[in-house]
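Undergrad: Sequence:
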Amino acid sequence: VFRTYLETGDPFLCYGCGACKEVCPEQAIQMVKDEEGFLYPQVEEALCKNCGACKKACIEKTDAYKNREEAPEVYLAYAKEKEVSMHSTGGGVLAEAVKSICESGGAAAGIAFKKNWNVAYDLTEKAEEYKKV
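Start counting the sequence shown at 1; every next residue gets the next number (full-length UniProt numbering).
Please keep in mind that the hints were generated in silico from the structure rather than gathered at the bench. As the structure is a prediction and not an experimental result, all values here were calculated from the model. Everything hinted at is true.
Derived BS3-like pairs (lysine-lysine); straight-line CA-CA distance at most 25 Å:
#1 Lys126 / Lys82
#2 Lys33 / Lys21
#3 Lys49 / Lys21
Per label pair, the in silico range of CB-to-CB distance:
#4 Ala46 / Thr89: 34 to 40 Å
#5 Glu7 / Lys131: 43 to 49 Å
#6 Pro72 / Asp34: 25 to 31 Å
C-beta: ideal position from N, C-alpha, C; glycine also.
Work the whole structure out from these sequences, hints included.
TA: Next up, the structure:
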């Protein structure tokens with residue numbers, strides 16, 4: 001029998017996607033950050049009618065990888081320089097790729113969000129300017 005985070009409180013049973021919150025007809029679920037910044041559903045018991053819509057919407061129970069006969073291949077990469085890897089959302093992989101491209105005589109382009117959700121495009125041929133892209 002499948003049990004959800006809402007029933008167990010087990011953080012490994014929740015992606016923090018908010019599907020349960022969105023389908024709740026009573027608006028009894030709020031997504032709340034834990035001490036590490038991860039979102040988890042919190043049920044206002046006084047509003048909950050136990051309709052089960054939240055459990056049916058839970059993507060954790062329908063995760064396609066759970067029913068596979070073999071595990072998917074997984075690859076991991078990160079920058080060796082701790083300063084780069086710790087200050088990058090992707091472990092510094094993009095920064096290392098930009099550096100490599102520029103050091104090989106190429107140019108790297110990127111897009112960044114600026115104020116008021118405007119985007120800016122940037123191009124660099126210098127490895128030391130990897131943060132621009």
